[in-house]
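Colleague: Residue numbers (this note's numbering), protein chains in the order written: chain A, 1 to 113; chain B, 1 to 113.
Be a bit skeptical, because a hint or two may be false.
Within a straight-line C-alpha distance of at most 35 Å, the following computed DSBU-like cross-link-like pairs (lysine-lysine) qualify [what the hints assert, rightly or not]:
| # | chain 1 | residue 1 | chain 2 | residue 2 |
| --- | --- | --- | --- | --- |
| 1 | A | Lys108 | B | Lys71 |
| 2 | A | Lys71 | B | Lys19 |
| 3 | A | Lys71 | B | Lys41 |
| 4 | A | Lys68 | A | Lys58 |
| 5 | A | Lys68 | B | Lys19 |
| 6 | A | Lys37 | A | Lys112 |
| 7 | A | Lys71 | B | Lys44 |
| 8 | A | Lys57 | B | Lys19 |
| 9 | A | Lys42 | B | Lys41 |
| 10 | A | Lys22 | A | Lys42 |
| 11 | A | Lys108 | B | Lys19 |
| 12 | B | Lys44 | A | Lys37 |
| 13 | B | Lys36 | A | Lys108 |
| 14 | B | Lys9 | A | Lys37 |
| 15 | B | Lys41 | B | Lys52 |
| 16 | B | Lys19 | A | Lys58 |
| 17 | A | Lys37 | B | Lys22 |
Some chain A residues flagged as far from chain B (calculated, every beta-carbon gap over 10 Å) [unchecked claim]:
| # | residue |
| --- | --- |
| 18 | Asp17 |
| 19 | Asn31 |
| 20 | Gln38 |
| 21 | Gln60 |
| 22 | Lys71 |
| 23 | Asp84 |
| 24 | Gly94 |
| 25 | Lys100 |
| 26 | Ser105 |
| 27 | Lys108 |
| 28 | Val111 |
Read the hints as simulated data drawn from the structure, not as lab findings.
Bear in mind that the values here come from a model prediction, so they are computed numbers and not experimental data.
C-beta: ideal position from N, C-alpha, C; glycine also.
Chain by chain, the residues run as shown.
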Amino acid sequence: GENVEQHPSTLSVQEGDSAVIKCTYSDSASNYFPWYKQELGKRPQLIIDIRSNVGEKKDQRIAVTLNKTAKHFSLHITETQPEDSAVYFCAASGVYNFNKFYFGSGTKLNVKP
Amino acid sequence: DTAVSQTPKYLVTQMGNDKSIKCEQNLGHDTMYWYKQDSKKFLKIMFSYNNKELIINETVPNRFSPKSPDKAHLNLHINSLELGDSAVYFCASSHRTGDTEAFFGQGTRLTVV
Numbered sequence: 001g002e003n004v005e006q007h008p009s010t011l012s013v014q015e016g017d018s019a020v021i022k023c024t025y026s027d028s029a030s031n032y033f034p035w036y037k038q039e040l041g042k043r044p045q046l047i048i049d050i051r052s053n054v055g056e057k058k059d060q061r062i063a064v065t066l067n068k069t070a071k072h073f074s075l076h077i078t079e080t081q082p083e084d085s086a087v088y089f090c091a092a093s094g095v096y097n098f099n100k101f102y103f104g105s106g107t108k109l110n111v112k113p
Numbered sequence: 001d002t003a004v005s006q007t008p009k010y011l012v013t014q015m016g017n018d019k020s021i022k023c024e025q026n027l028g029h030d031t032m033y034w035y036k037q038d039s040k041k042f043l044k045i046m047f048s049y050n051n052k053e054l055i056i057n058e059t060v061p062n063r064f065s066p067k068s069p070d071k072a073h074l075n076l077h078i079n080s081l082e083l084g085d086s087a088v089y090f091c092a093s094s095h096r097t098g099d100t101e102a103f104f105g106q107g108t109r110l111t112v113v
């Protein structure tokens, strides 16, 4: 099955700084790469996603880049705010054998005011 | 009008007991999942069902038995509960195509004492 690795496991930044979280995946057939944010005690919720036919996608302060050749994708958060503090998960999925949504191990982001 | 709902939210039980967690989605999705999130926050896929058929069983002990009476429901029954089963269990659903968002339920915190 798919193997998704995520780094770093924890990330502490000052408010206003940028944060970058990186993921790699193993199955070249994966073609959908969502990012989820999980606040303490709550469910994971989608914040941005990218499909394999594009290399970059941006939504306000959040952007995701994808390098299919290298099989890695990254989440970029600019101008971080304390409310960005949460655990972030990357995932890889694809239609090759029904969708499976394998998740990375998570990154705990702490934005210090 | 909750999209994915699971019950109960909290479940405290003794070792050796049998318990069930119910999940329902009203999004018209074909695929439903069960994930286990342990204390380290790993989101590990347990099962995936597509239109009532089992697609994935990720080396889960056979004490765990999912049941899908229809494509809108995926319940999880656990026999002979062990201390190591303590975790948060999330139900999720998505379209079969594998390239759209997976929606999560609010989670069930299972504590085995």
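Colleague: If a hint holds in the structure, say so; if it doesn't, say that too.
Modeller: Here is what the structure says about each hint:
About 34 Å separates the Cα atoms of Lys108 of chain A and Lys71 of chain B, which keeps this hinted pair within 35 Å; it holds. A threshold of 35 Å between alpha carbons decides the hint, and for Lys71 of chain A with Lys19 of chain B the separation of about 40 Å lies outside it, so the pair is violated. Annotation: proposed proximity of Lys71 of chain A to Lys41 of chain B holds, straight-line Cα distance about 24 Å (limit 35 Å). Between Lys68 of chain A and Lys58 of chain A, the direct Cα distance comes to roughly 18 Å. Compliance with the 35 Å bound is thereby established for this hinted pair.
Among the hinted pairs, Lys68 of chain A with Lys19 of chain B is inconsistent with the structure: their alpha-carbon atoms are about 43 Å apart, more than 35 Å. Annotation: proposed proximity of Lys37 of chain A to Lys112 of chain A holds, straight-line Cα distance about 18 Å (limit 35 Å). Taken as a hint, the Lys71 of chain A and Lys44 of chain B pair is honoured in the structure, with Cα atoms around 21 Å apart against an allowance of 35 Å. Pair hint Lys57 of chain A plus Lys19 of chain B does not hold up; C-alpha atoms about 43 Å apart against a cutoff of 35 Å.
Proximity of Lys42 of chain A to Lys41 of chain B is assessed by CA-CA distance (about 12 Å); at most 35 Å being required, the pair is judged to hold. Of the pairs offered as hints, the one joining Lys22 of chain A and Lys42 of chain A holds, with about 23 Å between alpha carbons and a cut-off of 35 Å not exceeded. For the hint pairing Lys108 of chain A with Lys19 of chain B, the CA-to-CA distance comes to about 31 Å; that is within 35 Å, so the pair holds. At roughly 16 Å between alpha-carbon atoms, Lys44 of chain B and Lys37 of chain A fall within 35 Å of each other, so this suggested pair holds.
Proximity of Lys36 of chain B to Lys108 of chain A is assessed by CA-CA distance (about 18 Å); at most 35 Å being required, the pair is judged to hold. Among the hinted pairs, Lys9 of chain B with Lys37 of chain A is consistent with the structure: their alpha-carbon atoms are about 20 Å apart, no more than 35 Å. For the hint linking Lys41 of chain B to Lys52 of chain B, the alpha-carbon distance of about 28 Å falls within 35 Å, and the restraint holds. Among the hinted pairs, Lys19 of chain B with Lys58 of chain A is inconsistent with the structure: their alpha-carbon atoms are about 43 Å apart, more than 35 Å.
Between Lys37 of chain A and Lys22 of chain B, the direct Cα distance comes to roughly 24 Å. Compliance with the 35 Å bound is thereby established for this hinted pair. Chain B leaves Asp17 of chain A outside its interface by the beta-carbon criterion, the shortest separation being 23 Å against a cut-off of 10 Å. Look at Asn31 of chain A: its CB is around 6 Å from the nearest CB on chain B, not clear of 10 Å, so calling it non-interface is violated. Not every Cβ of chain B is farther than 10 Å from the Cβ of Gln38 of chain A; the closest lies at roughly 8 Å, contradicting the non-interface assignment.
Here Gln60 of chain A stays apart from chain B, with its beta-carbon at least about 18 Å from theirs, past the 10 Å limit. Consistency note on Lys71 of chain A: stated as away from chain B, and its beta-carbon is indeed over 10 Å from all of that chain's, at 17 Å minimum. The Cβ of Asp84 of chain A sits about 17 Å from the closest Cβ of chain B, beyond the 10 Å cut-off, so the non-interface label holds. For Gly94 of chain A, the requirement that its beta carbon stay farther than 10 Å from each beta carbon of chain B is not met, with the minimum near 5 Å.
Taking the minimum C-beta to C-beta distance to chain B, about 6 Å, the non-interface status of Lys100 of chain A is violated against the 10 Å cut. For Ser105 of chain A, the requirement that its beta carbon stay farther than 10 Å from each beta carbon of chain B is not met, with the minimum near 6 Å. Distance check on Lys108 of chain A: its Cβ comes as close as 8 Å (rounded) to a Cβ of chain B, failing to clear the 10 Å threshold; non-interface status is violated. The non-interface label for Val111 of chain A is consistent with chain B: the shortest C-beta to C-beta separation is roughly 18 Å, beyond 10 Å.
Of the numbered hints listed earlier, those contradicted by the structure are 2, 5, 8, 16, 19, 20, 24, 25, 26 and 27.
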